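**Q** Spelled out from the first residue to the last, the chains are:
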Amino acid sequence: MAMGNLLIANRGEIAVRIVRAARELGIRTTQVYSQADADSLAVKLADGSVEIGPPAAAKSYLNIEAILSAARETGADAVHPGYGFLAENADFADAVESAGLTFVGPRGATIRLLGDKVAAREAAAKAGVPTVPGSPGRIDDPAAAHELAKGIGFPVLIKATAGGGGRGIRVANDQAEFDRLAPQASAEAKSAFGDGGIYIEKLIEKARHIEIQILGDGERAVHFFERECSLQRRRQKVWEEAPAVTLPGDIRRKLCAAAVSLARSVNYRGAGTLEFLYDDATKEFYFLEMNTRIQVEHPVTEFITGVDLVREMIRIAQGEPLRLRQEDIHLNGHAIECRINAEDPANGFMPAPGAIEALMVPGGPGVRFDTLLYPGCTVPPFYDSLLGKLIVWDDSRESALRRLAGALEELEISGLKTTKSLHQALAVDEDVRAANFHTRFLEQWLERNPLS
Amino acid sequence: MANKQVLSPVPGTFYRKPAPDQPPYKEEGDQVAAGEAIGLVEVMKSFHEIKTDFSGTVAKFLVDNEDPVMAGQPLVEIDG
Numbered sequence: 008m009a010m011g012n013l014l015i016a017n018r019g020e021i022a023v024r025i026v027r028a029a030r031e032l033g034i035r036t037t038q039v040y041s042q043a044d045a046d047s048l049a050v051k052l053a054d055g056s057v058e059i060g061p062p063a064a065a066k067s068y069l070n071i072e073a074i075l076s077a078a079r080e081t082g083a084d085a086v087h088p089g090y091g092f093l094a095e096n097a098d099f100a101d102a103v104e105s106a107g108l109t110f111v112g113p114r115g116a117t118i119r120l121l122g123d124k125v126a127a128r129e130a131a132a133k134a135g136v137p138t139v140p141g142s143p144g145r146i147d148d149p150a151a152a153h154e155l156a157k158g159i160g161f162p163v164l165i166k167a168t169a170g171g172g173g174r175g176i177r178v179a180n181d182q183a184e185f186d187r188l189a190p191q192a193s194a195e196a197k198s199a200f201g202d203g204g205i206y207i208e209k210l211i212e213k214a215r216h217i218e219i220q221i222l223g224d225g226e227r228a229v230h231f232f233e234r235e236c237s238l239q240r241r242r243q244k245v246w247e248e249a250p251a252v253t254l255p256g257d258i259r260r261k262l263c264a265a266a267v268s269l270a271r272s273v274n275y276r277g278a279g280t281l282e283f284l285y286d287d288a289t290k291e292f293y294f295l296e297m298n299t300r301i302q303v304e305h306p307v308t309e310f311i312t313g314v315d316l317v318r319e320m321i322r323i324a325q326g327e328p329l330r331l332r333q334e335d336i337h338l339n340g341h342a343i344e345c346r347i348n349a350e351d352p353a354n355g356f357m358p359a360p361g362a363i364e365a366l367m368v369p370g371g372p373g374v375r376f377d378t379l380l381y382p383g384c385t386v387p388p389f390y391d392s393l394l395g396k397l398i399v400w401d402d403s404r405e406s407a408l409r410r411l412a413g414a415l416e417e418l419e420i421s422g423l424k425t426t427k428s429l430h431q432a433l434a435v436d437e438d439v440r441a442a443n444f445h446t447r448f449l450e451q452w453l454e455r456n457p458l459s
Numbered sequence: 003m004a005n006k007q008v009l010s011p012v013p014g015t016f017y018r019k020p021a022p023d024q025p026p027y028k029e030e031g032d033q034v035a036a037g038e039a040i041g042l043v044e045v046m047k048s049f050h051e052i053k054t055d056f057s058g059t060v061a062k063f064l065v066d067n068e069d070p071v072m073a074g075q076p077l078v079e080i081d082g
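Note that the protein sequences, when read in sequence, are chains Y and Z. Per the numbering used here, residue 8 is the first one in the first sequence, and the count goes up by one each step. Per the numbering used here, residue 3 is the first one in the second sequence, and the count goes up by one each step.
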């Protein structure tokens with residue numbers, strides 16, 4: 008069913024991205040906004056806009072009733088949740104569909120299944136996708152947990168079944184530490200998430216973060232190759248690439264096949280990403296979780312495949328079958344994305360909201376800057392610190408790195424502190440140039456290379 | 003006796019409690035010591051405890067729980 012009016016239940020650069028994609032498909036857009044975002048770029052670019060509440064996200068972008076009432080008021084017939092906020096809230100997806108609107112994403116039941124870490128692991132195992140060695144499901148019996156940890160071998164991670172985003176995770180280096188931390192983790196999970204369920208996983212010490220982009224239409228699913236997002240700080244991605252240059256071809260084929268197999272097994276509908284850990288030393292990969300939404304770093308995949316993922320996910324939500332067969336999707340060249348955040352790298356990455364005085368955006372072939380910024384705009388303190396994503400493409404990684412250095416040099420944002428200098432230092436670092444990194448590389452690198 | 007004000011060093015959202023299910027750091031009328039926390043400001047999803055530089059009695063909160071604040075805005079008056 009063709010959409011007439013798409014409501015965007017998000018803000019920032021992803022809202023701008025969705026407005027553009029919808030416009031190109033001939034769909035009208037309605038942007039919801041909090042009192043802090045009345046002058047935002049997405050509001051300016053959308054066809055219509057509705058205020059949904061005060062600055063605090065809990066009272067605006069997370070307020071399901073306010074968003075549904077904005078949809079009714081404006082005659083929207085579909086809702087795009089973007090990423091973050093309500094994007095992976097199964098109750099929101101259900102509420103949108105119960106209100107007779109189209110949700111641009113998977114069914115609520117799929118989000119619920121894949122959002123439960125233990126259920127997702129079980130679904131992966133059933134689809135023949137390897138998971139990190141660990142407990143087969145949630146563990147409630149301390150004696151059984153003790154035995155399981157011993158069998159897996161230390162160090163192990165103790166995670167909360169209901170946790171996410173790095174929250175509720177503990178590392179146990181030996182049996183004594185495990186016996187002390189496991190009850191603590193369960194008690195904390197009970198208080199933080201209302202569910203004391205825990206599970207345990209082997210800690211893979213030097214792993215790369217590799218993820219596979221997929222699209223499904225509820226019947227068929229295809230992959231768009233991998234992204235590597237090993238450069239992270241506090242479990243937040245900072246720099247992403249596609250493809251993962253050090254990944255052997257046979258491993259790439261296996262990973263992509265595993266991702267498609269899991270997506271098919273749950274009749275996945277929409278855009279999704281399967282995250283894996285990859286161990287260079289053993290060439291083993293392990294499924295971590297599936298994100299049931301578009302991701303921040305989707306543009307690197309768009310650059311190497313030439314496919315507009317946001318447009319395709321809207322088409323799928325309209326009920327169109329996948330337009331692409333796997334053999335139509337080719338990997339070409341190399342893309343790198345740097346997240347430009349309003350943070351001060353010289354001061355412990357202290358958040359730095361404020362007013363933008365001047366803005367110079369880099370250009371030229373293979374350069375893209377997805378941003379919420381315009382000269383004179385104000386970056387409010389109430390939301391995450393992402394200002395924009397600088398993405399470059401070139402025919403090889405080496406030339407993409409050179410193009411990136413030039414684009415970073417051209418990029419000028421004045422009025423507040425940004426993480427541009429971090430990316431400039433990384434772009435010329437020998438290890439980064441050799442793609443010699445793992446998920447804990449950046450934090451160790453920052454200790455050795457304090458930024459001034 | 004002069005009232006002294008504790009200012010927010012950053013813009014963001016002010017919270018009276020360390021976590022939603024915990025009691026407030028301080029109530030009006032409570033004693034505070036220099037270096038003690040009186041609230042929390044969330045800026046761009048990161049949380050900063052706001053500590054007072056002076057001792058005394060909490061005279062008045064100038065900002066409600068969960069209200070937006072600007073950098074430099076007075077949060078609480080301490081009667082020292």
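Some clues are possibly wrong.
What the hints assert, rightly or not - List time: in silico EDC-like cross-link candidates among lysine to aspartate or glutamate, alpha-carbon distance up to 16 Å:
(1) Z/K47 x Y/D402
(2) Y/K66 x Z/E38
(3) Z/K47 x Y/E454
(4) Y/K66 x Z/D69
(5) Y/K197 x Z/D23
Unchecked claim - Sample of chain Y residues with no beta-carbon within 10 Å of chain Z, all distances over it, derived:
(6) I71
(7) E72
(8) V178
What the hints assert, rightly or not - Each pair of labels, with its calculated beta carbon distance range:
(9) Y/K66 x Z/M72: 13 to 23 Å
(10) Y/L331 x Z/Q24: 46 to 56 Å
(11) Y/A442 x Z/S57: 27 to 37 Å
(12) Y/A362 x Z/L64: 55 to 65 Å
(13) Y/G33 x Z/P25: 33 to 43 Å
(14) Y/P149 x Z/P25: 51 to 61 Å
(15) Z/E51 x Y/L453: 38 to 48 Å
(16) Y/A442 x Z/L64: 27 to 37 Å
(17) Y/E31 x Z/L64: 46 to 56 Å
(18) Z/Q24 x Y/R332: 51 to 61 Å
(19) Z/S57 x Y/A432: 54 to 64 Å
(20) Z/E51 x Y/F161: 30 to 40 Å
Honestly, the hints are just simulated from the structure, not real lab data. Bear in mind that the values here come from a model prediction, so they are computed numbers and not experimental data. C-beta: ideal position from N, C-alpha, C; glycine also.
**Q** Please go over all the hints and tell whether each is borne out by the structure.
**A** Hint-by-hint comparison with the structure:
no., hint, result
1, Z/K47 x Y/D402, "violated (37 Å)"
2, Y/K66 x Z/E38, "violated (30 Å)"
3, Z/K47 x Y/E454, "violated (23 Å)"
4, Y/K66 x Z/D69, "holds (11 Å)"
5, Y/K197 x Z/D23, "holds (12 Å)"
6, I71, "holds (19 Å)"
7, E72, "holds (18 Å)"
8, V178, "holds (22 Å)"
9, Y/K66 x Z/M72: 13 to 23 Å, "holds (19 Å)"
10, Y/L331 x Z/Q24: 46 to 56 Å, "holds (51 Å)"
11, Y/A442 x Z/S57: 27 to 37 Å, "violated (55 Å)"
12, Y/A362 x Z/L64: 55 to 65 Å, "violated (24 Å)"
13, Y/G33 x Z/P25: 33 to 43 Å, "violated (55 Å)"
14, Y/P149 x Z/P25: 51 to 61 Å, "violated (31 Å)"
15, Z/E51 x Y/L453: 38 to 48 Å, "violated (23 Å)"
16, Y/A442 x Z/L64: 27 to 37 Å, "violated (52 Å)"
17, Y/E31 x Z/L64: 46 to 56 Å, "holds (49 Å)"
18, Z/Q24 x Y/R332: 51 to 61 Å, "holds (55 Å)"
19, Z/S57 x Y/A432: 54 to 64 Å, "violated (44 Å)"
20, Z/E51 x Y/F161: 30 to 40 Å, "holds (34 Å)"
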